[in-house]
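When you get a sec, could you build the whole thing from the sequences and use the hints?
So the protein lines, in turn, are chains A and B. Letter 744 of the first sequence, counting from 1, is numbered 744 in our numbering, and no numbers are missing. Letter 82 of the second sequence, counting from 1, is numbered 82 in our numbering, and no numbers are missing.
Some clues are possibly wrong.
A partial selection of chain B residues facing chain A, derived with a Cβ cut-off under 8 Å [said to hold, decoys possible]: (1) S82; (2) P147; (3) R178.
A few chain B positions that, by computed beta-carbon distances, are all more than 12 Å from chain A [as the list claims (entries may be wrong)]: (4) R48; (5) D50; (6) V54; (7) D61; (8) G78; (9) G96; (10) L106; (11) A139; (12) P155; (13) R159.
With beta-carbon atoms standing in for the labels, derived distance ranges [to be verified]: (14) A:P98 / B:A158: 45 to 51 Å; (15) B:G53 / A:G500: 33 to 39 Å; (16) B:R136 / A:G700: 33 to 39 Å; (17) B:D61 / A:A96: 19 to 25 Å; (18) A:A249 / B:A123: 28 to 34 Å; (19) B:R159 / A:P192: 54 to 60 Å; (20) B:R136 / A:E658: 27 to 33 Å; (21) A:R706 / B:P128: 43 to 49 Å.
No lab work stands behind these hints, which were simulated from the structure alone. Remember, it's a predicted structure, so these values are computed and weren't measured experimentally. Cβ atoms here follow ideal geometry from the backbone N, Cα and C, with glycine treated the same way.
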Amino acid sequence: MTGPGPATAAQPDPRPEPDPRQDQRPDSASDRQPGPERELGVVGRSPVRADLAAKLTGAAEYAADLDAPGALQVRLLRSPVAHARIATLDTTAARAVPGVVAVVTAADLVDFDATWGHYVRDRPILARDVVRFAGEIVAAVAAESEAAAAAGVQAIRVAYDPLPAVLDVRDAVTAGAARVHDTAARPGFGCPPGTTFVDGNDFYHYRVDLERVPGADPPDAVVIEREYAFPAVYQYAMEPHAVVASADADGIDVWSSCQHPFLVREELAEVFGLPEERVRIRVPFVGGGFGSKSYAKLEPVAVAVARVAGRPVRLVSRVEDAMVTTRRHGMRCRMRTVVGRDGRFRSRHAEIWMDTGAYADNGPTVTMVAGMAATGPYRWERVHVDAACVYTHLPPAGSYRGFGAAHLQWVGESQVDEAAAVLGLDRLELRRRNLLRRGETVIPGCRPLDADLAGDLDAVVSRLGWGAELPAWRGRGVSVGVSPAGVSARSHARVELRPGGRVAVLVGSQEIGQGARTVHAQIAAEVLGLPVDRVEVPATDTETTPYDRSTGASRSTTVAGLAVARAAERLRDAIVAAVAARWGVPASELLLRDGAVVCGDRSWDLAELAELAPDGPGGLAGEGSAEELGGGSGPALFWEVCVAGAEVAVDPETGRIEVREVVTVADVGRAINPSLVERQDEGCTLQALGNALFEEMCFGPDGVLRNDSLLDYRIPTLTDVPGGMTCVIVENGDGPGPFGAKGCGEGVFGGLTAALVTAVTDAGVRVPELPMSADRVWRWIHAS
Amino acid sequence: MNPPAKPGGTGSDQGSGAFHWPDGRGGQPQPPPRSLDRVEAPTPGEVRLDVNGVEHRLPVDDNALLLDVLRDRLRLTGAKRSCDVQVCGACTVLVGGEPVSSCCFLAQDARGRQVQTIEGFAAEPGFPAVAEAFARHNAFQCGYCAPGFLMTLKPLLARGALRSRADVEREFAGNLCRCTGYRAIVDAICEAAGVEP
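Given below as structure tokens:
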């Protein structure tokens, strides 16, 4: 066997590149480049996801579907202004509304530090004296019915004294700008040790200072220097946030549509002053996340209201709430790329301002990843990046799929194309000459490059008809990037043999649609030699599910998956040991196959072995963790590959862009479930198209979101699917996860956004900002 | 703009509530059927609703939305709330056999007409074959949009209105999905409709 076995190494050696062989799946538009010959059972196949039946029949319960008898319905009063002092806040009439049980304001939350935030503890649960963005939660009404709660909200009287608001990220960092927070940033529980904050709106900076070759750029070098902008964007998980919460003397009990239940638990324990074991989080089916349900969102206010009301509460938000709950960061940057006449990449400088809105949320992490993405995976002689996370009086921005790379990769890649044009060099050739190779440093202090980017680029180009002549107003683009993924090795899992010979995988990675549960079942089934339908992965309950840091950064397969593999290996060993002890067979002769332990012609079905548990039923179990992936390699446990290509047509009459062809690369090391890998890339393709071509949150000069509904905020429909959509699955077995896997599903955002920009540029229209909406493109055409 | 060539089309209408009138024409204003005639004022107190073949008698406010009545009162939570403005299709249910966006449809207007939700469709003998097509293509991810797609699909299948991939792409432009790239959904629908993908 040439491929990696079930036991994987944390830092696998680079493996020989496989011959790219076409393996056109009959039901698929995608290509698979198989890696080392596989001798695996269920890993590498695409069983039907186990959760599909419940989802198709409507039986799947999402947070808003939960029956919460006796729970009060909560409605929120939000600020209509961007920055103001709350002059008066009168809840008398609201309290008198029939059915209203509690009207909660900051004045009710004085017995504890009612401020939250995992990175920066900067966010009042309910606005205290000041509102810092239009949409900030000022008061909450809990009532016996939704209608009574809504009537209660209507009856609250608030007077605001307006204050100057900073709405533009560049204005926010000019001298004399109004301060969004007038005190220094206070680290939250999730702030990495050693983080330093700046006392100003630009409260956090991430810098890259890399000098491979000290010195200065040659005087005759080609210099490209420009400014760019990226808009605020809405994730639109179709299910808006929903929380059912109770808080009593026993502790806090929450059901939430969230991606990071263990970090929500930590946040609530911290804020409400409880030990973590008295905070319980359960997660039902989640209707999409894409980062919008990462960390705490509405859980703090729901718990605060439950605490005041003394009854369970149900807080189900709407799209208009979700849009001011979290969003993608707007970005502005100035970048300079210097390329020698010999085609050597000399230096890159970037100054980046990330608009994180009124509260930090995950802004510093987004800023860090954006700073990394600004470098690009090239062998620069010198790189200097300064990325600032900046407060403004806009709704808070946090995580959204592919963050950082989505913001910056297109900027750097369009400068590479411009430099190529000035030098008269082929765009591909210029990239190939300067691309980092496996093992080279991407960012000092981080894991070295662990992918074959040149091979990935070739995979795209060979499927894009590269080099063939195109008519006027048509263009092709490619793009290469990497983004740090994995973030943390803190994932644990427990795999149990249960009565009837079924196996339960307890793992805290959330099923948010990506198929994590199916992948985890496949991993356990592979290790245990079981049919996958004998494995179940129950929903997360922090009381019983082992700790998992988060469902994000493409870590479910790689990091949580490795914990599952390790736990399954321990269970396998325990089963073998139990059989060996009970029947006196040498353990070395025992094999798990088809749901049984086999020794020559003897076999024992797992169903009968479930009774062998030393401590009674459920005693045969294995625990595992992914801690072996840690080891000071920074936030990149692996580099997610962001490589894509596109062909577009620009209509010069209307400015409309038609996406004729898209090729994306899922460089996944090992596709545990190829169908799910394709779905991830296809889904990300549509989101990236939306972000690149038309999605944009429009704030008025007053800081109020103008397009706060799906009528005015358009997301891609079926009619936006590109003419051709090919996902190339590359399996080099070089990931740190189980079976050589590494994560996917986000890389397309950086890769495709940049490929679309470079394709439009190739068609003759330079792109200074996103989205490339028809009106902008038309103006760019007519301005040039 | 010419009306869609094939019966049952909704043209470029992106509202999932784009009403398919029983005669198969889409998009053209038609006189409302008798049961929509608000001159028949609702009797105060109880309203009779036929949902999934079960008759319910319950008090319903004049302004109560069908989605709320189904979800909160009848505990039929398969229909999902998302956009609230008849754009996303997640709340699609059948009234009188035709898809409506129940987030923008008054419960009172469902009186005297058969309402079907995904729970009702899922219990019918024809459902497993449809579900099988979606399963084979791993067509949904988070699943939040799935009931809406299926309820939009059901009458189109019954009517034989899906004769090409273009038909599918037109009819489902009013159902949003944020997880998938739509391709697998279209493939699954083509398979369910017996259309070349």
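Evaluation of the provided hints:
Satisfaction of the interface hint for B:S82 is found here, the shortest Cβ-Cβ separation to chain A being roughly 5 Å, below the 8 Å cut-off. Because the closest C-beta pair between B:P147 and chain A is about 5 Å apart, less than 8 Å, the hint holds. A cut of 8 Å between beta carbons decides the hint on B:R178: the least distance to chain A is about 5 Å, and the hint holds. Against chain A, the non-interface label of B:R48 holds: every CB pair exceeds 12 Å, the least being about 23 Å.
With a minimum CB-CB distance of about 18 Å to chain A, B:D50 clears the 12 Å threshold, and the non-interface call stands. Non-interface call for B:V54 relative to chain A: holds, since the shortest CB-CB distance, roughly 15 Å, exceeds 12 Å. Residue placement check: B:D61 does not keep its beta carbon more than 12 Å from all beta carbons of chain A (closest about 8 Å). A Cβ of chain A approaches the Cβ of B:G78 within 12 Å, the least distance being about 2 Å, so the stated non-interface status is violated.
The claim that B:G96 lies off the interface holds: its Cβ sits roughly 20 Å from the closest Cβ of chain A, which is beyond the 12 Å cut-off. The beta carbon of B:L106 sits about 15 Å from the closest Cβ of chain A, which is more than 12 Å, so the claim that it is off the interface holds. At roughly 8 Å, the least C-beta separation between B:A139 and chain A is not larger than 12 Å, which violates its mark as non-interface. The claim that B:P155 lies off the interface holds: its Cβ sits roughly 17 Å from the closest Cβ of chain A, which is beyond the 12 Å cut-off.
For B:R159, the condition that its CB be more than 12 Å from all CB atoms of chain A holds, with the nearest at approximately 19 Å. Evaluation of the 45 to 51 Å hint for A:P98 and B:A158 yields a pass: the beta carbon distance comes to about 46 Å. Between B:G53 and A:G500 the Cβ separation comes to about 36 Å, which falls inside the hinted range of 33 to 39 Å. One distance hint, 33 to 39 Å for the beta-carbon pair B:R136 and A:G700, is violated here, with the actual separation near 47 Å.
Under the hint 19 to 25 Å, the C-beta atoms of B:D61 and A:A96, about 22 Å apart, fit the expected range. A:A249 and B:A123 have their C-beta atoms about 44 Å apart, which leaves the hinted 28 to 34 Å range violated. Between B:R159 and A:P192 the beta carbons are some 59 Å apart, a value that agrees with the proposed interval 54 to 60 Å. A C-beta distance of roughly 31 Å is found between B:R136 and A:E658, which places it inside the suggested range of 27 to 33 Å.
The hinted window of 43 to 49 Å between A:R706 and B:P128 holds, with their beta carbons roughly 46 Å apart.
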